[in-house]
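J.: Each chain, letter by letter, is given below.
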Amino acid sequence: KQEVTQIPAALSVPEGENLVLNCSFTDSAIYNLQWFRQDPGKGLTSLLLIQSSQREQTSGRLNASLDKSSGRSTLYIAASQPGDSATYLCAHGSGNTGKLIFGQGTTLQVKP
Amino acid sequence: NAGVMQNPRHLVRRRGQEARLRCSPMKGHSHVYWYRQLPEEGLKFMVYLQKENIIDESGMPKERFSAEFPKEGPSILRIQQVVRGDSAAYFCASSPPKGLSTGELFFGEGSRLTVL
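Here the protein sequences line up with chains W and F, keeping their order. Counting in the numbering used here, the first sequence runs from 3 upward without gaps. Counting in the numbering used here, the second sequence runs from 453 upward without gaps.
There's no promise every hint is true.
[Unchecked claim] Label-pair restraints from in silico Cβ distances:
#	chain 1	residue 1	chain 2	residue 2	range
1	F	Gly525	W	Val15	41 to 47 angstroms
2	F	Ser510	W	Gln53	20 to 26 angstroms
3	W	Ser96	F	Arg466	46 to 52 angstroms
4	W	Pro84	F	Leu568	34 to 40 angstroms
In case anyone wonders, no lab produced these hints; they're calculated from the structure. Ideal Cβ placement from N, Cα and C applies to all residues, glycine included.
Okay, chain W solo, but in the shape it has when bound:
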């Protein structure tokens, strides 16, 4: 059974801290890995997409890495801000079908 695990489930940090969110997966043949942000009562916003042939992607203060051999991905957020408070979800595709396997998410609170 393919599983995605995100640790920690919740995280509270003061503004300005750099932080790392972890995602591990059991499927060694992933097609891609995608990080999303979800605000309460809202939909999912795609943050970063890493293809299986890539090692990392960067967008602004966000950097995501992928290590297929160990089944891990990390999302690094630099200089966190209160506006970063949200739930962060990672998901991987097993083929180019759009069928994603999601983790439970990490709920982040950045305190001013």
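Given the structure of chain W, go ahead and fit chain F onto it with the hints provided.
T.: Just chain F now, kept in the frame of chain W:
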């Protein structure tokens, strides 16, 4: 360029009624996916459709649930004889045709179904 549009955003039904959720994909996208997010659970894949075709429905409950994506108009997820356990957020996502797709999905804001 409008994103994925879902309606209604909120829907309340009594047990035994029918729920219809609609999804219009992003312009130029021909693939639609439905996911369900139960309270305190992660998102789970339900069904993958192209125009007039169901490609993968491995995540759909065997009874009461159906989905379509007609040649014209939005995709529709239909839940018959709703029960309290159907209360959830239902998300639609879309992607471009395969030849243009990186596998990235674009999600709508979701439809939140409450069954009384």
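J.: Which hint numbers doesn't this structure obey?
T.: Hint check: 3 fails alone, others pass.
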